[in-house]
Amino acid sequence: MEPLMALAIGILYATAIFMMLRRSIVKLVIGLLLLSNAANLLIFTTAGMTRGAPPLIPEGMLQPVGDVADPLPQAVVLTAIVIAFGVLAFAVVLIRRAYEVVKADDLDKMKDTDT
Amino acid sequence: MRPEVALPVLLPLLSGAVSLLFWRSRPMQRFVAVAGNIALLVASLWLFVATLSEGYITMQMGSWPAPFGITLIADMLSAVMILMTGIIGLAMGIYSLATTGRGHEKFGYYPLMHLLLAGVAGAFLTGDIFNLYVWFEVMLVASFALLILGGERAQMEGAIKYVTLNLLASVIFLTAVGLLYGTVGTLNMADIALRIEVAEHDGMVEVLAVMFMVAFGIKAAAFPLFFWLPASYHTPPVAVSALFAGLLTKVGVYALFRVFTLIFDQTMGYLQDIMLWGAVLTMVTGVLGAAAQYEFRRILSFHIVSQIGYMILGLALYTPLAIAGGVFAIMHNIVVKTNLFLISGITHRLQGTYQLKKMGGLYKERPWLAVAFFISAFSLAGVPPLSGFFAKFVIVRAGIEAEAYVVTGIALAVGLMTLYSMVKIWNEVFWKALPEENHVPVSSTPSGDDGRLIKPSLWMMYLPVAVLALFSLLIGIFAEPIMFVMNTIGDQLFDSDGYIEAVLGVSASAEEALLNPDDLQVETDTIGGEETP
Chain A
301 MEPLMALAIG
311 ILYATAIFMM
321 LRRSIVKLVI
331 GLLLLSNAAN
341 LLIFTTAGMT
351 RGAPPLIPEG
361 MLQPVGDVAD
371 PLPQAVVLTA
381 IVIAFGVLAF
391 AVVLIRRAYE
401 VVKADDLDKM
411 KDTDT
Chain D
2 MRPEVALPVL
12 LPLLSGAVSL
22 LFWRSRPMQR
32 FVAVAGNIAL
42 LVASLWLFVA
52 TLSEGYITMQ
62 MGSWPAPFGI
72 TLIADMLSAV
82 MILMTGIIGL
92 AMGIYSLATT
102 GRGHEKFGYY
112 PLMHLLLAGV
122 AGAFLTGDIF
132 NLYVWFEVML
142 VASFALLILG
152 GERAQMEGAI
162 KYVTLNLLAS
172 VIFLTAVGLL
182 YGTVGTLNMA
192 DIALRIEVAE
202 HDGMVEVLAV
212 MFMVAFGIKA
222 AAFPLFFWLP
232 ASYHTPPVAV
242 SALFAGLLTK
252 VGVYALFRVF
262 TLIFDQTMGY
272 LQDIMLWGAV
282 LTMVTGVLGA
292 AAQYEFRRIL
302 SFHIVSQIGY
312 MILGLALYTP
322 LAIAGGVFAI
332 MHNIVVKTNL
342 FLISGITHRL
352 QGTYQLKKMG
362 GLYKERPWLA
372 VAFFISAFSL
382 AGVPPLSGFF
392 AKFVIVRAGI
402 EAEAYVVTGI
412 ALAVGLMTLY
422 SMVKIWNEVF
432 WKALPEENHV
442 PVSSTPSGDD
452 GRLIKPSLWM
462 MYLPVAVLAL
472 FSLLIGIFAE
482 PIMFVMNTIG
492 DQLFDSDGYI
502 EAVLGVSASA
512 EEALLNPDDL
522 QVETDTIGGE
532 ETP
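Residue numbers (the numbering used here), protein chains in the order written: chain A, 301 to 415; chain D, 2 to 534.
Calculated from the structure, these hints are not laboratory results.
None of these values were measured; they are calculated from a predicted model.
Cβ coordinates follow ideal geometry from the N, Cα and C atoms, glycine included.
Misleading hints may appear alongside valid ones.
Said to hold, decoys possible - Just so you have them, the derived chain D footprint on chain A, three or more residues with Cβ under 8 angstroms:
id : region
1  : 303-309
2  : 324-337
3  : 346-354
4  : 367-376
5  : 381-387
6  : 402-411
Stated by the list, open to error - Some residues of chain A that are not near chain D, with every Cβ distance over 10 angstroms (derived):
id : residue
7  : ALA314
8  : THR315
9  : ILE357
10 : PRO358
11 : GLY360
12 : MET361
Chain A with its partners taken away, still in its complex shape (with noise of 0.2 angstroms):
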């Protein structure tokens, strides 16, 4: 399962870059999107991936039997997913305004603030 993940997460992280090297700036926000998203995969890889093995204590007992998931790693995750979402909404909201001001979807006619 591991070399698929780092697989998956090769081709987010090169898909992100290209597309936030592209001039539009709708394309910059998937991006972005696409850049946390590969980054919320790759911190549930590194801290290996453990099946069907919840990190439930028994009753009756004080600790996990035998291997289980590690959960501070997905509750990293999630936490991440979550800025993640507002700051995407943010972005979203800037491009779509950026745009009404600028009247373009390029980031080569923004040069105002560059002289």
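The hints should help you fit chain D onto chain A, whose structure is shown.
Below, chain D without anything else, positioned relative to chain A:
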């Protein structure tokens, strides 16, 4: 239970929440902006005094023992940064009352300001690397919204660059955190520091160090990743730029100091050279960029970049004295840079422009403002006896002691170039006569950033400027007690055992004995220390 560690985070969150409750009541929001930030300043003073006497103060969130729960820890560095946050927060709270247009206030300027301060304070106090990421994001989201208040074209363009590069940095940071967790199996920074020394993959640790350096380098606006800063910092309302200039990039520098003294102190190696030359190039490009500009706030923005170079230079030289000098530079720069932006706001109010060519004659009209600018600007350039002189003096001395003569020489030359830019502003804005074609009657009705009329209450603008200028003077005059604090910081950062012991509750050497390279999964009950009383 040590409430003073949590208060600097909780108070701005509370002020933000209260401010949101009074969404429609402008006077109430303004009252909360000042009252909340006074409370923050008091809390930060409390934390500072407590840290000064005890060295480290820790608090385990939810009473989960150290490596499992989230730790809040204040060492001297955190305490000083929190104190600066409190001072700048209050100055901005008062200054905003006079400069924020009603339109901006209606769109939630004050709640966002509180949230930004909460994010900054959280980043300074947390002892957990993922929690640091979360606070960074809290701070960033608030800063995004503040940056586009008003929605002008330049703001939108600046915001796209700012948002993209900062999000990219966040993702690199998050990726690094994920890989770090995969390598050492913990997120608590003190615990990471112990386990990374016995990590199996040396190569992986170096990759991680570089990823953290790049991520925080972007956030700190270090060369060659600083482009978002001069593209965006001059676009928002002036109170917002001042707040950003004072605090935001310094959080990135703080994170660099924290991570590279605590976690990657063993892996510095050739990274130290990269960081050293990165710092030098940051100084040089920043100051050269500023020399070409004729817009007040853009000059100052480029100088932020240049000054970041001095701070990172302190870290890169990596001796206790150099680190002390770097932190001194951070502290002095927060005061001075904020003040320069505040002054640019006043001159904009008086003359209606940020273009140096169209300004002039302010020395005659507002001599005291000129004095405040003089103190701040020449302090930035490092003229004795102002605060910047001592920051630079300590770094240069540390550089000579470390026999890094070329780097030190460049740092001194950059100081001279800074003086050139500051003299340029002085000449254009204060000294030369006002150009004929741009004669604005000074008594004209002032207006907010969005053009709507607001009450002329200039004392709210002058008061923070005067106080911050006084601070700059006082830092210079009382450099010795401050240097004592800075040396404590240098020693604490250079020898991280105290930090680790404060967090984990066990002495670092005993802890290391427990860690075996073959088996990282040490029994939990031996590693989880007692909560500090």
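Against the structure, the hints come out as follows:
no., hint, in the structure
1, 303-309, "violated (count 0)"
2, 324-337, "holds (count 5)"
3, 346-354, "holds (count 3)"
4, 367-376, "holds (count 3)"
5, 381-387, "holds (count 3)"
6, 402-411, "holds (count 4)"
7, ALA314, "14 angstroms, holds"
8, THR315, "14 angstroms, holds"
9, ILE357, "13 angstroms, holds"
10, PRO358, "18 angstroms, holds"
11, GLY360, "20 angstroms, holds"
12, MET361, "15 angstroms, holds"
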